[in-house]
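Sequential numbering from 1 applies to the sequence shown in full-length UniProt numbering.
Hints in this document: simulated from the structure, not taken from any laboratory. Heads up, the beta-carbon is just placed ideally off N, CA and C, and yes, glycines get one too. Possibly wrong hints are sitting among the right ones.
As the list claims (entries may be wrong) - Here are the computed lysine-lysine pairs in the DSS-like style, where the Cα-Cα straight-line distance is at most 27 Å:
id: 1; residue 1: Lys733; residue 2: Lys785
id: 2; residue 1: Lys626; residue 2: Lys893
id: 3; residue 1: Lys764; residue 2: Lys749
id: 4; residue 1: Lys727; residue 2: Lys704
id: 5; residue 1: Lys701; residue 2: Lys733
id: 6; residue 1: Lys704; residue 2: Lys243
To be verified - Ranges between beta-carbon positions, derived for each pair:
id: 7; residue 1: Ile545; residue 2: Arg415; range: 25 to 33 Å
id: 8; residue 1: Lys1010; residue 2: Thr935; range: 37 to 45 Å
id: 9; residue 1: Ser945; residue 2: Ile1120; range: 53 to 61 Å
id: 10; residue 1: Asn374; residue 2: Thr778; range: 26 to 34 Å
id: 11; residue 1: Lys586; residue 2: Lys701; range: 45 to 53 Å
id: 12; residue 1: Asn393; residue 2: Thr495; range: 52 to 60 Å
id: 13; residue 1: Ile194; residue 2: Glu43; range: 20 to 28 Å
id: 14; residue 1: His805; residue 2: Thr1152; range: 28 to 36 Å
id: 15; residue 1: Glu43; residue 2: Gln94; range: 41 to 49 Å
id: 16; residue 1: Ser215; residue 2: Asn423; range: 51 to 59 Å
id: 17; residue 1: Leu1148; residue 2: Lys798; range: 40 to 48 Å
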Amino acid sequence: EALNLVEGEKVYVIEQQNADWWFVRKYLTDDKGWVPAQCLMDEVSYTHYVQKKLNEKIDKLPVFERPGPAEKTLAPKFIEKLQPQHVPDGYTVQFECKVEGLPRPQITWFRQTAIIKPSEDFQIYYDDDNVATLIIREVFPEDAGTFTCVAKNAAGFASNSTELLVEAPLSDHGSDATGLSRKSMSRESSLADILEGIPPTFSRRPRAQYVDEGSNVLLECRLVAIPEPDVYWTFNGEEITTKDNVKIVTESDMHMYCSVLSINKVNKKQEGVYEVVATNREGEAKLPIILKVKTGDKEPPQILEPLKNMIIREGESVILSTHIIGNPTPKITWFKNGEQIKGNKKTDKDIHTLSLITPTRDDSGEYTVKAVNNSGTAETSCTLTVEEPESGNPEAPFFVERFEEQSVPQNGTIRLPARVLGNPVPEILWLCNNSPLYPSERVKQAYDGENIELIIKNADSERDSGNYKCIASNPIGKASHGARITVEVDDVVFTKKMRKHVVVEETHRLILECETSHTVITRWYHNDKELTGMDHRIIVQEGHIHKLIIRNASMKDAGAYRCTVKNQVTKSNVEVLECKPEFTRKLEDVETKEKEVLVLEVEITSDTADVTWYKDGERIQEADNKKFVKDGHIRKLLVRGISVHDEGEYSCTVGDQECTAEVNVIELPPELLRGLEDITCVKGDKATFEIELTKGDALVKWFKNGKEIQFNSHVKLTIDGKLQKLKIYDTTKDDQAEYSCQVGEHTSKARLTVEEPIVDFITKLPDTTTVTKDTDATFTVELSKPDAEVVWYKSGKKIKPSSKHTVEVEGTVRRLIVHDCTEEDETSYSCSVFNLKTTSKLRVQELPKLPTVTLDQKAYKVRKEDSVTFNVKISGTPKPTVEWYTSGTVVKKSPRIFKEFDEESASLTIKKVVEQDAGDYTVRVKNPCGEVEATVHLTITRPPSRPGAPEPVAVASDSLTLYWKVPEDDGDAEITEYILEYHEKKVKEWTTIRQITDTTYTVEKLTTNKEYMFRVIAVNEVGPSEPSPESPYIKVKASTEKEPPVIQEPLSDVSIGLGKTLTLSCVIGGQPVPEVSWLKNGKSIKSAKTTYENRIAKYIIEETTEKTTATYTCKAVNEIGEAETSCSVKVEERPEITVESTDVSSQLKVGTTWEVTATISGYP
């Protein structure tokens, strides 16, 4: 049988006859088994191996914050070092140290050579004061070994190591023979070989909070993480989001994050365990915060934070601390080994501490805190072990001074000073690029047991540039620090440059390579951003050769690269060819439990391509509980708080590929969230027991004194979702009993006590009192005795007579009048007399009103690809519903279409409109009083179609008058101008004339007997049309031929409304220029509003009336002949009915007259 071991665990070798497998026994247990021989080393070899591996991994740790050119830097330095720990199996261990450095160092913890990631077993904190903490919640013997804290920034690193010793295991620890009774299942997931980012790390461990009911609560946590983490909160194990009085806000500043959960006016139901969970690809961290809510009710003492077992050395001061709450405040008593002690005790709110200053071994023992109040007792204990200090006070090495990153000139001197403390005197080892440095004529090492200095004369860039480390070690521990030393060379050049253009396929490996004349440090840039070499792009230097290796190239890696040293630079442009994305890992069937987080995961060949998720064939959209995660090549679908409704077939598509998986959800049995509470009521009152369940469809059995209840008119059960109420009406002494309910395996019990009334209500308050808004509400009771004094309550608070509340007494009748009721008065009102109480709930209603809808505007014009929002104002009581329709169908929400409405307005937004969106949109507003609707028209504007080809209507010796037809389609927007372009036959460059408003134009200053070609462009608010067809070449010459008038563009029939402006126009040619006259129904019109310019005849009617309807004729006459054109003009308007909004909805007294006025318009 193979034996399970962890790195650094000691074993005894029993048999080694087989070259590949050795038979061994564990150091602290009797477990025996076979182990691969290659996994075993003698102690000396293993120590060297750990040191070498640790140094290699420290070099690979990424640095994410790089200072600017003018910013000061300081390499990390430990201010307070780690202390060795010697504890029994099962104890909680806490390592703590403090660092400094600029920029703020990043912290990484190691056990042996493995990186520790945050988990339930290993809790890691790094607070704003640069205190780094590692807590091992429960140590096992295999946790023993060397623990190292590494602080690293852009200027260098420092490390501090210490030992954890664990005593023999507990009897129930669980070895390979006895099973895994205490074995943690997360040890392996807590350890990593190397990190490419920072796993989520919280700044500090928060204390439990004890707050008053109704107060405002703030739960805050800070963390650091790279890449950006997914942060969410849970309450008693279930995810929560911003809702009701709970608000969650998470903000970030670079890779620092702050998540705050605030509760406005907290209530008792909200006490419990709140936990913030942060997850990224490097790991997951959780931070639980206990919240207790204090009410006026009595509560027994409760231990929120117990005492903790501690082991200290003699003379080391210690503080024992516990957090205890209760109401009334409990009395606290400290005991040692069962006997009460006094000592240096202190209480700060609910935190109780005992301080032991310079303790001796006599102070060892079991310490107990006992808390007592009228409701109960609670106690917590811990064991304090005070060990005798070892002779000579041994101390692990600790660097109090360190060397910094530096640059020296070629042939200069490198000086690296440091100062170390430790007992026994530490041994010193110097490394350059992880290779040991030995003294020589050029390399001098000085060390007097405290002061250290490395001196290298005649520094050479080839031999001496690199990463230097100073390592101090003694039997108690190790410490090290290091920084980069650069030997500057002035005349360095690139002897081999990068290829100027490189093409690589997506997911393939790419190497950019160059060579320098000397061994120097180069800097690499991608799109002007410096590369760290700590992601998928690795920077490698091999002497004079410099390489940038890009693993699995993606589309993001395309762009400009450059490598620089001094003032020298070499550049390369990288082109990444996109590959068709494919699945490299497909979905797998999943079975999960209710309330858990469902994670569906695929891996694809591209790190930029998006995938699409479906459930049972329907596309999944992101929501509060559904999130899409894109992390490199991994794509995830997260569904939080999963229920049986989430069961089904899930599929994921990328390109034309698809994979599917079945998700089965195991239903959890129902549980009680809130149980029964004792009730005392007066005979004749109603008693109500209430429970809250985790599921609304749970089967609940109710019992009275152990016998199942049969429901009737006296005892009724009401179910409202997850709430169930047992109501006992008109209680009698026979109803006094123990009541219980059973849900699955859960049972809750409570007692009903029925008391005899001293005075009785003859008339009680009704369950509900309903009044109209702004009127008075009257609550009336009648008593059995006239001299009984009653007290009125509003929401449980005593009412004092005021202008708002009037109390009347009239014999045995008592009245409470609430004046001018509004929604704020809606609550419960009670009347109490001795041990009797009657309650009524006030409901305030507004007068029902028919809905109204008012348009901001009736027509909207937008360009294609623009967005449009239709806004309407609405009203109505009760609050109306709103729906939008187009072409008779409901407008559905989509990623492009949004609908919003509140009590006063509604809107419909269409993003990036397309031509198919044009048309009428109707909004229907409806409530029980009726329904109204309004319609808006959406026009999608576009450039006009091209106009007709220009045609000559008059030619002179140096000018041309041209005419063209308007575009067949104006693009649903007014033509704002025409652009006329022309060129001479032998000149190909077009001359442009702009801001032409009519369809004729006279081009002047042309050359006689030259030929010209013309074309025209129409312009509206969207833009220009395509150019018209080009005219044939037209020769400019004085015309001697006479022509009769010609109608080139006739009048058009018109239908128009009243009060409008009307322009009638036509185009008429002829030589000589004809005289133009206008006729209406055959009779001549004499008006200043007729014109004939540029061959366009116009007649303008400024305001149409009923008399405008007629046949209009334009007549043109010259000496050669005449011509005319006619059109019909009709003035007409569709009928409209208008009713005043005050008449739309009326409320009248019986017997009065109802009169409505309707205004009717239209013509004819």
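Given pair status - Lys893, Lys626, alpha carbons within 27 Å: Judged against 27 Å, a Cα distance of about 18 Å means the pair holds.
Range hint compliance [Cβ, Ile194 to Glu43, 20 to 28 Å]: Check passed, 26 Å falls within 20 to 28 Å.
Whether the CB-CB distance between Asn393 and Thr495 falls inside 52 to 60 Å: 58 Å, holds
Consistency of beta-carbon spacing, Thr1152 to His805, with hint 28 to 36 Å: Holds - the Cβ-Cβ distance for His805 and Thr1152, about 34 Å, lies within 28 to 36 Å.
Hint consistency between Lys733 and Lys785 [alpha-carbon to alpha-carbon, up to 27 Å]: Measuring from Cα to Cα gives roughly 23 Å; hence the hint holds.
51 to 59 Å as the expected CB spacing between Asn423 and Ser215, which holds or is violated: 53 Å, holds
Whether the CB-CB distance between Ser945 and Ile1120 falls inside 53 to 61 Å: The hinted range 53 to 61 Å is violated for Ser945 and Ile1120, with Cβ atoms some 36 Å apart.
C-beta pair Leu1148, Lys798: status relative to the range 40 to 48 Å that was hinted: 41 Å, holds
Distance restraint between Lys704 and Lys243, which requires alpha-carbon spacing of 27 Å or less: 38 Å, violated
Outcome of range test on Cβ distance (Glu43, Gln94; 41 to 49 Å): 28 Å, violated
Distance restraint between Lys727 and Lys704, which requires alpha-carbon spacing of 27 Å or less: 13 Å, holds
Pair hint Lys764 and Lys749, alpha-carbon separation not exceeding 27 Å: Measuring from Cα to Cα gives roughly 30 Å; hence the hint is violated.
Checked against the numbered hints given earlier, the structure breaks hints 3, 6, 8, 9, 10, 15 and satisfies all the rest.
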